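Fit chain to chain and form the complex, with the hints in mind.
Going line by line, the protein sequences match chains A and L.
Count the first sequence with this note's numbering and you get residues 30 to 695, in order.
Count the second sequence with this note's numbering and you get residues 16 to 231, in order.
One thing to keep in mind: the hints can contain errors.
[Claimed, not checked] Not close to chain A: a few residues of chain L, all C-beta gaps over 10 Å, as computed: (1) 65; (2) 146; (3) 187; (4) 204; (5) 221.
[Said to hold, decoys possible] Some residues of chain L that are not near chain A, with every Cβ distance over 10 Å (derived): (6) 57; (7) 68; (8) 121; (9) 153; (10) 180; (11) 192; (12) 222.
[Said to hold, decoys possible] With a Cα cut of at most 27 Å, we get these calculated DSSO-like pairs of lysine-lysine: (13) A:246 <-> L:47; (14) A:242 <-> L:47; (15) L:121 <-> L:193.
I should point out that these hints are in silico values taken from the structure, not numbers from a laboratory.
Every value quoted in this text rests on a predicted model; they were computed, and no experiment measured them.
From the three backbone atoms N, C-alpha and C, an ideal C-beta is built for every residue, glycine too.
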Amino acid sequence: MLGKLSWSAIPIDQPIPLIAAGVVLVVILAVLAWVTLKGYMPYLWREWITSVDHKRIGIMYILLAMVMLLRGGSDALMIRVQQAIAYQSNGYLPPEHFNQIFSAHGTIMIFFVAMPFVIGLMNLVVPLQLGVRDVAFPTLNSVGFWLTATGALLVNVSLVIGEFARTGWLPFPPLSELTYSPGVGVDYYLWSLEISGVGTLVAGINLVTTVLKLRTKGMTYLRMPMFCWTTLASSLLIVAAFPILTATLAMLILDSYFGFHFFTNEAGGNVMMFMNLIWAWGHPEVYILVLPAFGIYSEVVSTFSSKSLFGYRSMVLATMAICIISFMVWLHHFFTMGAGPDVNAIFGIASMIIAVPTGVKIYNWLFTMYGGRIRFATPMLWSVGFMVTFIIGGLTGVLVAVPPADFLLHNSLFLVAHFHNVIIGGVLFGAFAGLTYWFPKAFGFRLHEGLGKAAFWFSLIGFYVTFMPLYAAGLLGMTRRMQHYDVAAWRPWMIVAAIGFVFLTIGIVFQVLQIVVSILQREELRDRTGDPWDGRSLEWATSSPPPVFNFAILPDVHGEEAYWAIKSRAKQRDLEKNEPHYEDIEMPRNSPTGFVCAFFATVMGFALIWHIWWMVALGFVGAFATFVVFAWRDHDEYVIPAAEVARIDRANMAERRALASHPGSA
Amino acid sequence: MTDAAIAYPHGDPHHLRGMEASRVAHAGPPSKRIVTGYGFWIFILSDMVMFSAFFATYAVLLGQTAGGPSGRELFNLRNVAIETGFLLASSFTCGLATIAADLRNKTWFHLAMGVTCVFGLAFLAIEAREFADLVARGAGPTRSAFLSAFFTLVGCHGLHVSAGELWLLTMIAQVFAKGFRADIQRRILCFALFWHALDIIWIAVFTIVYLLGSAS
Chain A
30 MLGKLSWSAI PIDQPIPLIA AGVVLVVILA VLAWVTLKGY MPYLWREWIT
80 SVDHKRIGIM YILLAMVMLL RGGSDALMIR VQQAIAYQSN GYLPPEHFNQ
130 IFSAHGTIMI FFVAMPFVIG LMNLVVPLQL GVRDVAFPTL NSVGFWLTAT
180 GALLVNVSLV IGEFARTGWL PFPPLSELTY SPGVGVDYYL WSLEISGVGT
230 LVAGINLVTT VLKLRTKGMT YLRMPMFCWT TLASSLLIVA AFPILTATLA
280 MLILDSYFGF HFFTNEAGGN VMMFMNLIWA WGHPEVYILV LPAFGIYSEV
330 VSTFSSKSLF GYRSMVLATM AICIISFMVW LHHFFTMGAG PDVNAIFGIA
380 SMIIAVPTGV KIYNWLFTMY GGRIRFATPM LWSVGFMVTF IIGGLTGVLV
430 AVPPADFLLH NSLFLVAHFH NVIIGGVLFG AFAGLTYWFP KAFGFRLHEG
480 LGKAAFWFSL IGFYVTFMPL YAAGLLGMTR RMQHYDVAAW RPWMIVAAIG
530 FVFLTIGIVF QVLQIVVSIL QREELRDRTG DPWDGRSLEW ATSSPPPVFN
580 FAILPDVHGE EAYWAIKSRA KQRDLEKNEP HYEDIEMPRN SPTGFVCAFF
630 ATVMGFALIW HIWWMVALGF VGAFATFVVF AWRDHDEYVI PAAEVARIDR
680 ANMAERRALA SHPGSA
Chain L
16 MTDAAIAYPH GDPHHLRGME ASRVAHAGPP SKRIVTGYGF WIFILSDMVM
66 FSAFFATYAV LLGQTAGGPS GRELFNLRNV AIETGFLLAS SFTCGLATIA
116 ADLRNKTWFH LAMGVTCVFG LAFLAIEARE FADLVARGAG PTRSAFLSAF
166 FTLVGCHGLH VSAGELWLLT MIAQVFAKGF RADIQRRILC FALFWHALDI
216 IWIAVFTIVY LLGSAS
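Isolated chain L (complex conformation) (with noise of 0.2 Å):
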């Protein structure tokens, strides 16, 4: 058996240039835009670490509400239900953009854009509007470690989408200015990266911090 065939008995999933390709035993550097996704996979993957940190955390204090109120008694699960349709909706154009990014229609990408932005801030202001009555209830991060470790997970979601508010505005004035140029087009897709990212996140709150929260 040559070494080649032992290194990569079906050639390697990211050339797949036929038996030409896989005959050597590694082709070389792949092109930008694989190594580009590539290296914004890890960098979620080292986000997700992180908000795992935060879910921790929850879990941990989650019945530390020292006498205060406890999620049964704070959360309004019609209002995240509202929340979280916009998020997925939002990702749901974000999806479009993608495709109108790869066919390079300025008109339908801005549109696209344009709508995701919308959305993001819906669920942003619905968020916010959310945290600013918890607080004028008294049920303030302060008020006890298990509001802490709710208003941190979940503000850090959000501080996470507002990052990515930045982002989508930047992305668009880019494309306005300069078109679909291949490093553009590496940007839009880790944007997109980034964008679902977080709706993955946010379902695992939903699920973690809202309904299971809701329900004890």
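With the rest of the complex left out, here is chain A (with noise of 0.2 Å):
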């Protein structure tokens, strides 16, 4: 009837799972408890889980990967501490769990804090830079959003019921395969990925119509923010490398569900076929995360530098240059597995070659800082800090770009350092420069600065304090995941790693001040015009927040950086002289399908993971009869009279009219 679940699937001889979803389960239904006693629950319902606003969904997205930050974190704060104290001793943490936790911190990581933080700011941004009302497709969107969910949800249900993958955060065969990895820890690992991989696909898809397809009058390709571009870049590299990851764990899964050979060592499987599978995938995921932050900072260094951005065609060429050339390096996540000299030399030459269009970027930032106007405001004090630490995660990159050296380096911490500098670094800081950015256009009020710079600072000591010494620990020879060793000459380094990792801890519990005290003070805080930052870029062309029509009328653009051009021009004034012509706008109405059809998603995906057929039949059909329901629907669009859009287009430009009437200010 339950297929392999029993009671037995609880953990209860283990404290720490136990505990802490204790904690976990607890929190969500006090907070379940708190909404439906206020009478939010059908707010949210109506507002929020149904909603098919781009500005909505990107806000969920978001949110929900800073959830996912707090969880990723605590499992990389039991593995610093497990390293710190387990020298020539077991530590705190038996093998079996350890290597669950290194295993979910990566997976969670990746996949559902970088992913859906960089999603959810395209989302968010991206049609109010184009100028336009929403994304191309925004029900598909609020899908996309909720299978991401569904699949965060399937990892960490795996706290309590059952266990998760032990195989690192990529399932790396023989290892996953059913001989070593008999439980449900692996088949966790493949379903949610499968199933939060449609998600992001469909995100891809979405955000790659929309760049090329929705943009408002004028708004050429060479006009496009940078933002858009790196958007563009990423995105294409979504539905270009998402569907080989999709494939590659399909493959996986009939080894281990159906018998199949595809990498077993039996009956002609080939193992080196996923690595090759999974890296074809794996490195330009690097890209699509990296890139979009590329984005961010063009767009904060250029704000906060009150300049354009230098070498803005340069810029796009270097962006679409990596789009193409990250899907030619994969090779080099296993220079040590037999490929031979010259085959590692080309993937080895490609690997540094990368590096070329991304250090015209670094340039770019600094020349559009030279001789700018610079105001170190949170957003930017972020973008320096990364330039700083990119600059040297990119460094020690080129290094294991080199294969000789890559032979010593393969696998050790030296690896783990680098990938944190670049992605941390890059990544990461680029995710909080958006937050802070783009927080008042989302809420219409301003984050507390204060609490912010606080936050930057310890995070970036914390930074420094926590990986410096891993790079140290792995050229002395200590390899990745080991959760214990007997090596004296480690230790320190391990001590001064946690030691960091406390810092770090402090910057993330800053931001989450911030966020509490910003919204306590939100009405000193208000951005009332919606141009809080002097920005450059069309989101800043409306209030804050949006209405959720974006723009009263669609902007008509002529040249690169629209809204400074319009500022430049007072073209504001004319718009105060002669109002415009107001029309009714039409705009998608919400649905349900998305919720539904992760509810559904998640029922199939937990009954997969337990081998419970009736289930995986029964969510399948309801995952398609919501797509039914959902087609037959006769209304898919309501009206928003011109009457109550000028009422709300009015009330802005009157905020707008008292800014631009202070000299010196616009």
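Structure follows, in structure tokens:
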């Protein structure tokens, strides 16, 4: 009846996951109770859960990422503590638990923190920057988000029911095959990523179509803000790379569920094929994450230097070059696995070539700052911190791209330090820069500056104190994922790293405080004009938060930096004199399709993990029925009357007029 | 030279509205039909990438028969030819259905979609029989890496056709119940793209799996 599921699946003998899960459960129940008692449930359902508004969906993506950051961060804390005390002892985590923790840490941080964070920011900002009312497929957008949430949910369910994979964040066979991983851990990994992978693919298709097809009048490709370009590149990579992940994981599923022989040691299976396939997705994935961050830095550096972006066209070229070359370097992830010197040399050179466009970008940002009137607000601090940190990460990256050096550094903590250096220093700093930069746009008030700066400094110092020791330990020969070790020379570095993590944790605490305090002080931090940073692109041309239709009149673009041009030509004053002719606006109606579909996907995923076949069928039929019901509805749009549009727009125009009448402020 | 002339010297191909439209650099978002079709094309491209992963796998594992039968011993080209005939014919009738939808002719639309459905089912039946026959002869997917790759690649196409059948029946029901509404027309467009794309993939399957497989 319930497949492999029984009471023994709950790890009663392991206090750590049980207590953690208990705390999470209590928090969830408390939040649910609070929401229900306060009567917010209908509001949440109507305005958020069923929303197809790209801004709302973007915010939900970011919220998911931040919650999962806490989960992945707790895993990191446990790893650091274990390695600090596990010198000639077993530490406090048994091996099978430690292995699950580092696997969950990597999986969660990449798929459920970094991915939703950048996809959320792209969703939130890109339609605004393009001057349009929504993404190309609003309901599909909601489906994509909820499927991502399903994946995150399944990974976290594994904490209490069953176990998680012990194979690392990429399940390399033969370890991940049935023989060596007979439990449900790998299955949790596989199905949550298959399901959330569909969500990511949907988001990618949506954003490619949005950038290529939905641009306001006059917004030619070479007038798009840099963030739109990097979104395009990143989404193209999603479209081209995620299907490979889906196919590869499907093959692993067939191996372990039905005894196929793709990656087994018997009957002609080929383990190296998994390496090639997974990294053919895995390397582009790195750029899927970091390219949007590059776009954020471009926006932030230009805005806070009060200058246009230096070398806009070279930046576009560099972005698209990275987009293409990122598919030609995957083999550098396994130089040591017998490809031979010729192949290694080619991939080593390709890996060094991809550093060139990245270098171009760094110089462009530096020259953007040069001679600018720089304001060191929090987003700008994250950007400058990024530039320094990312250069170090890039240099160590070029180092491991040299095959002979890689033979020494492969799978060592040096590598761990390198990719944390580029992912924290590149992606996460970018996400935080984007968060503080666009937060006022999303919610109508700025984040507290002092706390933001404190969060930045603690994170920056914490990052260096945590990860620089890992470079040293790696050079001393310490391999990654060690549950315990006997080499005395490594120990001091592990202790320093654990101390560094305390700083990182304080940084995170300040981030949370920053949000809480800003919500409490929102009246003082209110952004009334919609343009708190003296911005240059179109998202600042509408109010904060933007009305559901984004723009009362779709803007007409005449050059790069559309909003800057509008401001400099003082077009606003024209608008003030001749009020535009407002028209009715048609917007897509809300739909629970995404949420209901994700509910059935959760049921189906859980049932597949535990081999409950009738429940699999139920989930599938439910998901299909959801789509048919959606397809059957008669009204997919509603109309906002012109009078209402005019009322909303006039209020914002009045605020802007007040700003424009202060000389020197625009 | 003006900005507009630089951006689109010959006008935006998606906005053939004469000189008026080509004078602006970019005329703004196109119609929903174009956006939907475009987005679906992107999806089809991603689907092709997924198939290419399976094709690559098949190519790598082609020789790994683990002492079991190879394609030369297993494939029955006559069967495959009939199968292919059904699928190609279904694509033709699917094209007829698209024309009927453009002309808003319900009778012809239902007729053409019905025939498409039957041809598709015939294709699936032949494929299912082939698979059952192979398993019965001890050449199932667990026999060797080669057979794993074969069953997965061909089966993945078969799953796509099955999903297409489900979609096809839904479209028939929708047109029957709601007529040729604009959103339903867009879905018919996407369905047709999907169905034809499966044909393209089948041509690759036919060539690489069956023709080259029987020759080697």
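Hints, one by one, checked against the model:
no.	hint	in the structure
1	65	violated, 4 Å
2	146	holds, 13 Å
3	187	holds, 12 Å
4	204	holds, 14 Å
5	221	holds, 20 Å
6	57	violated, 5 Å
7	68	violated, 4 Å
8	121	holds, 18 Å
9	153	holds, 13 Å
10	180	holds, 12 Å
11	192	violated, 8 Å
12	222	holds, 20 Å
13	A:246 <-> L:47	holds, 16 Å
14	A:242 <-> L:47	holds, 10 Å
15	L:121 <-> L:193	holds, 11 Å
Checked against the numbered hints given earlier, the structure breaks hints 1, 6, 7, 11 and satisfies all the rest.
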